[in-house]
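The whole structure should be built from the sequences, with the hints applied where relevant.
Sequence lines, in order, name chains U and F.
Here the first sequence is numbered in our numbering, starting from 1 and rising by one per residue.
Here the second sequence is numbered in our numbering, starting from 322 and rising by one per residue.
Calculated directly from the structure, the hints in this document are not laboratory data.
Careful: at least some of the hints might be erroneous.
[Said to hold, decoys possible] In silico DSS-like cross-links for lysine-lysine, where the CA-CA straight-line distance does not exceed 25 Å:
1. U/K86 - F/K448
2. F/K417 - F/K448
3. U/K279 - U/K215
4. F/K448 - U/K46
5. U/K46 - F/K455
6. U/K86 - F/K453
7. F/K342 - F/K417
8. F/K405 - F/K417
9. F/K455 - F/K405
10. F/K453 - U/K46
11. F/K405 - U/K36
12. U/K97 - U/K110
13. F/K448 - U/K36
From a predicted model like this one, the values you see are computed outputs, not experimental measurements.
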Amino acid sequence: MKKKQSNKMRPWRAKAVTRRIPIDIVESVLMCMNPKDVVRLSTTCKEWRVAALRFDITMSKTPWLFTVADDSYILQNIIDENMSFKIRIPDFLLGRKFINDSSYGWLVLKSKQNGIITLLNPFSRAQLDLPALANPGPVFLHMSSPPTKPDCVVLLVDVGKLYVWRPGDTSWNIEENMDIKYYMSTISLQGQFYAIAYPYYRLITFQVLPLRVRKLNVPPPMDIRNILMYDVFLVESCGEILLVCIRMPCLDRVGHDIFMLRHNMCDKHQVILFRLDLKNETWIKIESLGDQTLFLKNNIQAMSISAHDAKCYDYGQISVV
Amino acid sequence: MSTESKEILVGESSQAKPEKKTIVLMASDGDEFVVDVDDITNQSEMIRNLISDMGGTDGLQVPLLNVTAPVLAKLLELFNVSNKNDDDEEVTQKVKELMEAELNMMIDVLGAANYIEATSFFDLSCKVLADKFKGMSVEEVREFLNIECDFTEEELQQIHAENAWAFD
Numbered sequence: 001m002k003k004k005q006s007n008k009m010r011p012w013r014a015k016a017v018t019r020r021i022p023i024d025i026v027e028s029v030l031m032c033m034n035p036k037d038v039v040r041l042s043t044t045c046k047e048w049r050v051a052a053l054r055f056d057i058t059m060s061k062t063p064w065l066f067t068v069a070d071d072s073y074i075l076q077n078i079i080d081e082n083m084s085f086k087i088r089i090p091d092f093l094l095g096r097k098f099i100n101d102s103s104y105g106w107l108v109l110k111s112k113q114n115g116i117i118t119l120l121n122p123f124s125r126a127q128l129d130l131p132a133l134a135n136p137g138p139v140f141l142h143m144s145s146p147p148t149k150p151d152c153v154v155l156l157v158d159v160g161k162l163y164v165w166r167p168g169d170t171s172w173n174i175e176e177n178m179d180i181k182y183y184m185s186t187i188s189l190q191g192q193f194y195a196i197a198y199p200y201y202r203l204i205t206f207q208v209l210p211l212r213v214r215k216l217n218v219p220p221p222m223d224i225r226n227i228l229m230y231d232v233f234l235v236e237s238c239g240e241i242l243l244v245c246i247r248m249p250c251l252d253r254v255g256h257d258i259f260m261l262r263h264n265m266c267d268k269h270q271v272i273l274f275r276l277d278l279k280n281e282t283w284i285k286i287e288s289l290g291d292q293t294l295f296l297k298n299n300i301q302a303m304s305i306s307a308h309d310a311k312c313y314d315y316g317q318i319s320v321v
Numbered sequence: 322m323s324t325e326s327k328e329i330l331v332g333e334s335s336q337a338k339p340e341k342k343t344i345v346l347m348a349s350d351g352d353e354f355v356v357d358v359d360d361i362t363n364q365s366e367m368i369r370n371l372i373s374d375m376g377g378t379d380g381l382q383v384p385l386l387n388v389t390a391p392v393l394a395k396l397l398e399l400f401n402v403s404n405k406n407d408d409d410e411e412v413t414q415k416v417k418e419l420m421e422a423e424l425n426m427m428i429d430v431l432g433a434a435n436y437i438e439a440t441s442f443f444d445l446s447c448k449v450l451a452d453k454f455k456g457m458s459v460e461e462v463r464e465f466l467n468i469e470c471d472f473t474e475e476e477l478q479q480i481h482a483e484n485a486w487a488f489d
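Right, dumping it as structure tokens:
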């Protein structure tokens with residue numbers, strides 16, 4: 001913290017403030033500040049801290065765009081163009097490569113020397129080294145929750161193998177009996193994992209530790225030859241599992257490899273949405289995302305937030321990075 | 322034809338422009354303030370809703386139990402500045418001056434604005450405070466607002482450690 005030890009005669013010293021500033025005013029004041037100042041000023045007193053935590057921007061579900069520039073990284077909020085941070089890269093990250101993955105706001109890094117995978121929270125700079133791997137082959141597949149949660153499960157995948165880690169584990173649990181070569185778009189919901197299995201686009205569900213894979217009898221919602229023309233994402237939206245099939249040209253590019261699908265642009269020729277009806281084991285075509293806005297990344301990750309949070313009411317106001 | 326249309330025009334304008342409608346705001350100490358309906362509903366959502374709930378403004382008296390006469394006078398003075406100017410520059414300047422000269426009064430005015438739901442004025446004033454705080458250290462903010470730090474040294478250190486990015 002910078003200490004300004006200037007003259008003691010500050011202009012406001014003479015006039016004693018006797019009013020306690022009401023906390024709802026404090027909250028409104030903090031709300032129109034840069035999050036960095038909010039966190040800084042949240043140390044004023046406990047009441048302010050509580051007010052600040054109530055709307056912590058770094059906890060918001062809206063996506064951030066992450067770029068590396070020299071010795072810093074830049075976090076740019078995709079919704080609010082005025083919201084961006086430049087953060088110095090901590091020394092412990094040197095020699096590690098940012099691989100193009102993130103989950104629940106945590107970045108996935110890989111050491112260039114030994115292939116050790118590290119999870120990093122770019123705001124708090126909290127880091128977590130995952131156990132060493134025997135070979136550098138496995139790639140990041142999925143994380144079920146932030147790694148600070150005890151029920152978090154991190155999944156890596158390699159040919160025919162699934163690597164499982166939970167907080168506290170000192171080594172990877174390796175499941176070898178994987179007859180599926182490639183999982184597309186994995187999501188988790190209430191302890192169950194769901195994935196679309198390539199090449200037949202079947203929906204599978206599995207649990208880990210021990211691994212129990214179940215092929216659901218849910219056929220792809222359209223002909224295989226047809227579906228090949230689409231990118232396919234699984235996404236959890238308001239407790240439901242959605243399948244989003246998209247022909248690429250209709251997506252808005254909001255950043256390198258990040259696309260945004262707005263709730264009002266579900267042209268049926270370009271985007272096809274299905275909702276999973278697990279009971280009847282079928283995909284049901286839906287026409288609208290309702291209040292939700294989806295963010296899709298890299299053909300593997302998707303997230304759903306309310307259109308209100310994404311500020312998507314006014315189409316023209318969205319800034320495309 | 323032309324005279325006819327002129328007559329209609331005159332008739333309309335005299336109908337649309339009777340003497341200005343007013344209502345009475347009562348401060349907590351009983352002082353009454355007569356305000357122009359358009360001027361006040363332009364600012365206060367609470368009073369706008371009240372008028373529409375009451376179905377009109379005839380003889381309307383609004384008691385503002387939490388607002389003293391000096392605070393209400395200051396608030397109405399600032400509303401006046403805001404209503405007279407299309408942009409917010411002038412009123413922002415006035416709020417800034419009030420903050421520097423009489424912070425107690427400014428806090429009370431903000432409380433009153435919040436109470437009568439004068440949203441845009443309230444937001445604008447919060448922005449003035451936010452701009453002020455941005456350039457100050459935490460110690461200076463505490464001193465400015467006469468706030469006691471109730472964190473222990475360890476608690477402060479922990480917040481700094483958990484949010485290193487904000488304290489670079």
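message: Run through the hints listed earlier and report the numbers of any the structure violates, in increasing order.
response: Violated: hints 7, 9 and 11.
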